[in-house]
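**Q** Here are the chains, one letter per residue:
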Amino acid sequence: MTTHELEALLLQQPVALLHRLARGRISRHFRSGKRKLVDLLLQASAENRPGLESDLLALIDERTSREQATPASKPRPAAPHTRPAPPQAGQRPHKAEEHGHHEPPVSLHEWLSGLGVPSPQPFVPDTWQVEALARLAETDVVVSVPTGSGKTYVAIEATKRAMQDNRTVIYTSPLKALSNTKFTEFSRLFGPGQVGILTGDRREHAQAPLLIMTTEILRNLLYDAAGGEIDVRLDTLGLVIMDESQYLADPERGVVWEETLIFCPAQARLLLLSASIGNPQDIADWLTAIRPTPCSLIRHTKRSVPLRAGYLHPNEKLTPLFRTAGIPYGQPYLLHPEAKRLFAEYEEETGSSRSR
Amino acid sequence: MPPSIHPVDLVATLRQRHLTPAIIFLTSRRACDEAMQSFERSQVTLPKTQQEQIARVLAQVIEQYPSIAEHPLIETVQRIGVAAHHAGHLPSWKIAVEELMRTGSLDAVFATTTLAAGVDFPARTVVVTQSSIRKARDFTDLTASEIQQLAGRAGRRGKDLVGFAVITPSPYIDLTVLTKGLTGQPEAIHSQFVITYPMVLNLLKAHPREQIQSILAKSFAQFQLNQRTAVLETKLDGLRAEMEPFGPRVCSDWITQWQVFEQARKRKKPRSPFAKQESPEIAARMHFLTPGRVVGLVRGRGIILRQYRSKGQHAPMVTLLREGGSLNECPASIVTQVFDRTFDCEEASSYPWCTAQSLDQLTHHLADLPPRLPILPILTHQNEEAPLDSSIVQTLGDFACPTCPSRQACQRDFPRASRVRQEIQRHMKSIQALQTSLWHRFQERIDVLERFGYLNAQAQLTADGEWARLIRIDHSLLITELIRAEAFGAIDPPLLAAVMASIAHDDDRPGSFPRGSAGLVTLLFQVRKLAESLAPHETPPMLRADVAALTERWVADQALTWIGLARLTTMAEGDMFRLFARTIEFLSQLKTLKSTHPSLAESAEKAIAAMRRGVLEELP
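Protein sequence lines correspond, in order, to chains A and B. Counting along the first sequence from 1, when you hit position 309 you're at 309 in the numbering used here, and nothing is skipped either side. Just remember that the numbering used here sits 1000 ahead of the position in the second sequence, which is counted from 1.
So that you can see chain B by itself, here it is in the shape it has in the complex (with noise of 0.2 Å):
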C-alpha cells in the first residue's frame, strides 16, 4: 500500500463522488507544489466551459493585479482545474485563487494546514492529511480549535447541504488527535501578554508611574491571573480550616519551637567517624603542597610530587621526592615546614607522576639545595565548626519542650502540622506573586529603559524617550539604540531599507543571495555587535545577511525587475513579498521620527519609495 493516496488520486475519486470543490491540507508548501507537479504530468483535462470560466475569472483578477498575467502556474490551473496556495505564493496570486474557489470554479485547492485562519475561503469538502504541524522547529498536535478552524472550511452557507471533512491517512498521522478534536471542546484561551519597551514608553508618556499598575490590572492576563488567585484562595481557606486544631499550646507557636528543638537535637548527635576532619594546620598546609614545593619532613627534606586523597580514609596524602633520590608515598602530616621555594615540575598522569626528565633535574635540584631556606608562614584559620549550633542554642537544657506537658501532642502532631503551614505560606507567597508579577516586569522594564537614558529617575520620558516611543516594533530597543549610537548617520537607502529588512526579517527558511556590498557588511556587523550586547535586555533578532543583501539589490537597483531578483535567490515569491512588507513597516516607523531625526526619517521615506514598485505597489 502507498503511504499516502496520490493527489491525482485523490481528486480523482473527490470528483467521482462529487465532493469537490474540495481544499486539501497538506503538510508543508513543498507537498502542495509537489501535488501540482503531479498535475502537470496527468493527461486530465477540464472541460471547455470550465476552463472558459476560470479564465474569465482571472481576467477580472488580472485587471486588478497585473502581475499575475505571468505567473507560470496559469496554464496548469486553467487544464487541470486544481490550484496550491500558500505562504510562498505572492499575495496577488493567492487572491486569484480565492476569487476562483469563490467563484466555484475550482475542483480542489491545495493549501498548507500552518496558516488555517489566512485560508479565507469555504468549499464543499476539506481533506485533512496529517494530525501535527510545524510549530517552531518542532512537531505538535493540532488542537481541537485547529482542527475545526480546518473542518470549518467546508460546506458554504447557501451552496452546500452539508459539508465534508475527509481524513486521509499519510505518514505521521494520529487518528485519535482527529477524531478527538472534530469531536470535542476547543480549547479555553489564555493571555500571552507581554510587557513590551514601547509599552512602557508609551503608558508613561500619557499617565504617572502611580496610575500603571491599575492600567495593568485591566488586562486579561490580569483577569486571568485573579481568577487562578480566587482558586488559590479557596485552597487556602481549606488549608487554614486543617491548621484550626494545631493552635497556639504552651507556646504559641508551637511549630516553630518544635522545629528549632529537634534541629537542636539533631545536631547535638555525634557525626559519623567517617567525616573525621583534619587538623586545622594540615588543612591550611595542603594548598601550598604543589608539585614541585619543596618542604621540610621529620627528618630531611623533599620535594612534593603529587597531592591526593587516600581511597578508603579519605585522607591528605602526599608523594615526595626525599633526598637521595627515593620516593614516598605519605600522609601530609608527615610535612613539617614548607619551604619558600618551588621548582618547575612537568606532571604526569601515571607514577611517578613527573616526567623523567623533571625527575632527573628535580633530583639534581634537592641536592643543590642550600641548607637554609626561607619558610612560608601559613596562617591557620582556627575552628570553622558550623556557627548555627551556638547561635541557636547551647545545650538542649535551654528548651522547655523535653519537660513540657504538650510534648507527646507536639510530638505527633508536627509533620503534618508543618506540612500545612508550609502550604499555606507557598499560597499565600504564590498569591502575592500573583497579584504583582505584571507589576514587577513592568518595573523591570522601567529599570532598563532608565539605565539606557529613555527614563528619568522618576520613571517621565527623556528627550530620547519622547522619541524613541514612535518606534512600536519587534525590536524596538535594537532600533532605538543604533539611532542613539548614530549607525544610521546620513546612510543611504539602500543600506538603511537593507539593514531593517536583516532586523524585520524572523523566517529561518534558508535561501541564497548575492553578496552585500561592503559598506553594508561592516554595518551589519556593528549591528549584531550591538544586538549581542543588548541580549540580556532584548531577544536578538536573527540579522541575516543574505535577506539585506536581497533588499539591498532591490533598492539600489532600480532597473531590476521583480522576476530579475526572484532570479538571484532561492526563496519564495511569497517570503520575499513578505520580507519587504516587513521592512516597509519598520521603514515607515523610522519616517514618524521626522522632527527629531529629519535626515533618516527622509532616507527612510526614500528607501519606501524606492522599495515600492512591480508587485509591492499592487496592494495596500
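Bound-form chain A, shown alone (with noise of 0.2 Å):
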C-alpha cells in the first residue's frame, strides 16, 4: 500500500474508527479533526507503516463482520425486502440501515416526554430489596446494582433485625464524608442514643448498638482482637454492613478491605453493598471460600428511574443522544443522527480552531 492509498483509505474511515486506531499513537487525539487526524495518524507511524495498516485493516475487518451479523442475529421478517443494497464501498454507510434499524430516532418532544414528579405511592420495596434480605438470614449476601437503586433501603432493614436480636452492627463507608453523613442520617432513623461513630480518636456513644466508622478503624479493631485484646463489641457482632465496597479494587485503600473482610469474625454476617461492576459473581465466591456462611449474590442492571441521554450543543440546542429514547444498552453506536451532527460539526470547527 503506497502511502496516497493508506491516506485515501484512511480518510474514507468514520472518525470513530480513526480514533480508535489513534488510541496509543497520538496522544489526546480527540482534539484534532479528521483531516488533522489522518495526518497525525501518518505522521505518527512513519517507521511502522505496516502496523498501522494491520491495525487498520483489522479494525475495517472487525466493523464489516459485525455489520454483516447485527442484520442477521436480528431478523425483520416485517420487511426483508425493503432494505436498501448494501452500501458502496467507500461512500459512508448510514448508520441506520447499517444497524438494521427502521425505526426513525427519538423526537425531541418524545424524549423529553416522561418528565415529571411521579404521584406518591406508598413505599413497596424492589424484589431485590426483599431478596437480598431474605437471603441475609441464611448466608452473607453481597449486593451489586446501579447508583440510586435503594440500598440504603437494605442496610437499614438488616440493621433493624439484626438490632431487633440485640446483637451489635458494624457499618463502614470508606470517606470520613459519607460516615458523617450516614450518622446524622441514622441518629435520625434510630435515635441519637442507639448510633455511635468511631473516628480515628474520636469516640461517640461507642457502645450503641449500631456503630459507624471507616474501613481502616474496623481493621484496626480486627487486628487488636487477633492480637489478643477482645474488643467486647466484636462478641456480640452480629452484621457488618459495607458500603460502597467496589472501594475493594482502590489502589492505595483496597487492601484495607481485603484484610477487613478476610478477619471478619465468623459469627458475624457480611452485607456488602457496591455499585455495578462487572465481576460481583468473583467477589460472591471468593467470601464463600473463605467463610464458614456461604454468599449469596444480589444483582442487577435495571435503574429504578429510568435514564435518558441527551446532547446539549453550545449553541443551546438539544437534542436525545441515541436513537431510542433510553439507554440502548450494548449499542453505543445507535446516535441520534443530529446529535451525531451538531458533534461532527463541533469537533470540526473547535479542531480547526484549535490547531492553529
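A few of these clues could be false.
As the list claims (entries may be wrong) - Under the rule of at most 25 Å between Cα atoms (straight-line distance), these lysine-lysine pairs were calculated in the BS3-like manner:
(1) K34(A) - K1180(B)
(2) K340(A) - K34(A)
(3) K340(A) - K1180(B)
(4) K1180(B) - K317(A)
Said to hold, decoys possible - A short, non-exhaustive set of chain A residues, derived as facing chain B with CB atoms under 8 Å:
(5) F30
(6) G116
(7) N279
(8) T350
Quick caveat, the hints were computed from the structure, so don't treat them as lab data. These numbers come from a predicted model, not from an experiment. Beta carbons: idealized from backbone N, C-alpha and C, even for Gly.
Assembling the complex is the task here: the two chains are given apart, and the hints tell you how they should meet.
**A** Next comes the structure, spelled out in C-alpha cells:
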C-alpha cells in the first residue's frame, strides 16, 4: 500500500474508527478533526507503516463483520425486501441502514415526555431488596446494583433486624464525609443514643448497637482482636455492612477492605453494598471460599428511575443522544443523527480553531 | 462557536426545559469556581419563595455547623439558586449544599468529576462535560463504571419519573468514550492487595510464621491469582497434549540432546575473518599504552600520544612521538618494551593529540632520557578462549546424532518441539510464581523488619515490634524509625504536629505559607534525610515544609482563627481541613503508644487538643 492509498483509505473511515486507531499512537487525539487526525496518524507511524496498516485492516474487518452479523441476528420479517442495497464501498454508509434499524429516531418532544414528578405512592420494596433481606437471614450477601437503586433501604432493614436480636451492627464507609452523613441520617432514624461513630481518635456512643466507622477503623479493631486485645463489641457483633465495597479495587486503600473481610469474625453476617461492577460473582465466590457461611449475590442492572441521555450543543440546542429514548445498552453506535451531526460540526470547528 | 456552553446559559437552558435540579460535572475546582463567578455577574435572581426556602434550609444547617454562617458564597447561592461542591470547600459547606439539594431548593450544583463517590446526592439531571479525568498528574479516559456512577445520580426515586444524563461538549471531549460508558458493562474489579509493614507486624503478633501463608491464601488477590492459574493450567494441558508426539526416541531426552549437538556444530564453524583476535601480548600491553608513556620500539624509543583502533580492520594503533621529534601513526605491535616511566601529557582532540606546549616538553624529555630505563613486566593471560567449547564436547565425534536413525525426525521436529517445551516451562514458572508471589512479598517485608530489629530471627515481634505494630498508617516505617532515633525526644506539640502534617499530606497542589520556625526547619531536614535513607524499603512522603509551617502556626498560636489562618495561605479551605484531619489521625496513632513512649503520647494528645478548635470541632 502506498502512502497515498493509505491516506485515501484512512479518509474513507469514520472518525470513530480513526480515534480507535489513534489510541496509543497520538496523545489527545480527540482534539483534532478528521483531516488533521489522518495527518497525525500518518506522521506518528512513519516508522511503523505496516503496523498501522494491519491495525487499520483489522478494524475495518471487525466493522464489516459486525455489520453483517447485526442484521442477521435480528431478522426483521416485516420488511425483508425493503432493505436497501448494501452501501457502496468508499461511501460512508448510513448508520440506520447499517444496523437494520428502521424506526425513526426519537424526537426531542418524545424524549422529554416522561419528565415529571410521580404521584406519591406507598413505599413498596423492590423484589431484589426483599430477596437480599431474605438471603441475609441465611447467608452473607453481596449486592451489586446501579447507583440510586436503594441500597440504603437494605442496610436499614438489615440493621433493624440485627438490633432486634440484640446484636451489634457495624457500618463502614470509605469516606469520613459519608460516615458523617450516615451518622446524621441513622441517628434521626434509630434515635441518637442508638448510633455511635468511631473515627481516628474520637468516639461518640462507642457502646451503641449501631456503630459507624471507616473501614480502616474496623480493620484496626480486628487487628487488635487478633492480637489478643478482645473488644467486647466484636463478641456480640451480628452484622457488618460495608458500603461502597467497590473500593476493594482502590489502588491505595483496597487492601484494607480485603484485610477486613479476611479477618471479619465468623459469627457476623456480611452485607456488601456495591455500585455496579463487572465481576460481583467473583467476590461472592471468594467470600464463600474463605468464610464458613456461603455468600449469595444479588445483582441487577435495571435502574429504578429510568435514564435518558441527551446532547446539548454549545449553541443551546438540545437533542437526544441516542436514537432510542432510553439508553441502548450494548449498542453505543445507535447515536441520534442530529446529535451526531452537531457533534461532528463541533469537532470540525473547534478542531480547526485549536490546531492553529 | 464557543468551545463550550457558558454556565449561565447552560443553567438557563436546563431551567427552561424543566431539567432542574441538575448536577453539572466540570473538569476542575477552578472551573466550578469560575462558573460560580460568572453567575455573580449575571442579573438572574430567583423568585422570593425559593430564596426564602434556601434561607430556611441554610438556617437549619447553620444551627448544627455555625461556621457556615459567614461563608462568602451564601448570598450568591440564595440569590441565584446555584452552588459549587468540590473538595476545596469545607465539609460543613458541602453538607449544607447536599442538604439544599436533598430538599430540592437549588437548581444546579457544579461539582468536580474527580470525587464522584463523594457526591452523595441525587438530582433530576446530570450534565457531563468531559470524557477524561486527571489521575496522578495524567489524564485518563473515564471508565464505564465511573461514567455510570456519574450518570447514576440522575433521577431521584419518588421525585422523578425519569432521570437525564446530558452531555455537552467542551475541549478534550471524546464522545465515543461517553457513549460506550453509558451503554456498556461496568469493568471487572481487581484486587489491589499490597503487603504493608503494619500488616506483617500485626499478623505475626497473632499468628506464627507457618500459618501466614494460609492466611494470605484467603485474600481476594490470591483468589484472582488462582483464577489466572486455572487459565494457565488449561493452556498447559493443551501444550502437554501438543508435546505428546515428541516423546522419547533413541535417546530419552532427544530435545536437549539435539540442542547441544546443534550448539556444538555451530561452534565448530570457523569464525569470520573480521573477528580476528590480536595476540595476548598486545592485548595485555594495550592497557599500558596511555598518553605520556615511554616505550621501546624496534629501533629507538618513543612516547605514546594516543591509542586508537584503525578504521577498517579495527586493529590496535598508537600515535608515537619519536626521538628526533617525528610523529608516527603505527600499529601497536611496533612497541617492543613498555618502560616504567610516564610524563605529563595534556591531551588534545586533534593532531598532534596534545597541546603544542606539552609536545615541546615531551620532545625535551625524550631527548633527556637516560639510556637505561626500568622495564615494566607485563603479565599476559594465555588463551582465554571460550571454555564452553571444550566443556560441551571436544569433537562432534562424541555425539551419536550424526549416525542416529532418528536424526531426520529430530532435525524436522526440533524447532517446534523446543518451542512447545519452552512454553511449558514458562507456564510452569508463571504458575509457580502466581502461587507463591504473595508469600514471597511477605517474606521480603519480614526480612526488612528483621534487619531493622522489629522482628527477631524467628519472625517474632521484638520489644520495638510490639509498639511499632500500633502505628497503622502510611509511612509507618518512617514514623517508627523516627521514634526509635529519638527525633521526638521531648518535642513540643506544635513541632510534632507540624512534622506529622508534612508526613501525612500527600497532595501536590501548590500553596504558599509563612516560613516555619528554625527548630522545625532543622527537624524536617533530619526527617527528610531519614526518609531518603529508607527509600529502598518505603516510598518517602512529600514532606512539604509549607504544610508543616501552616500546621505549626495553627497549633502554636491558639488565638489564630480559621479565617485568619486561611488568609495566610493560598490553600483551599477544604485542603486545609483535610490536612488537619489527616494529621489528627496520624497523631492519634502516636497517642496509642502511651505505655511505651509516655512523653510522645502526651505531646500528641496535647497537639490534638490544640488542633481541634474552630471548624475542626464541628465534625466528628
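**Q** Each hint: holds or not?
**A** Quick rundown of the hints versus the structure:
1. K34(A) - K1180(B): 20 Å, holds
2. K340(A) - K34(A): Holds, at about 14 Å.
3. K340(A) - K1180(B): Roughly 14 Å separates the two Cα atoms, so the pair holds.
4. K1180(B) - K317(A): 23 Å, holds
5. F30: OK, holds: F30(A) within 8 Å of chain B, min 4 Å.
6. G116: Because about 5 Å separates G116(A) from the closest Cβ in chain B, which is inside the 8 Å limit, the hint holds.
7. N279: Since the shortest Cβ distance to chain B is 4 Å, the answer is holds.
8. T350: Since chain B brings a Cβ to about 5 Å from T350(A), closer than 8 Å, the hint holds.
Going through the hint list in order, the structure satisfies each hint without exception.
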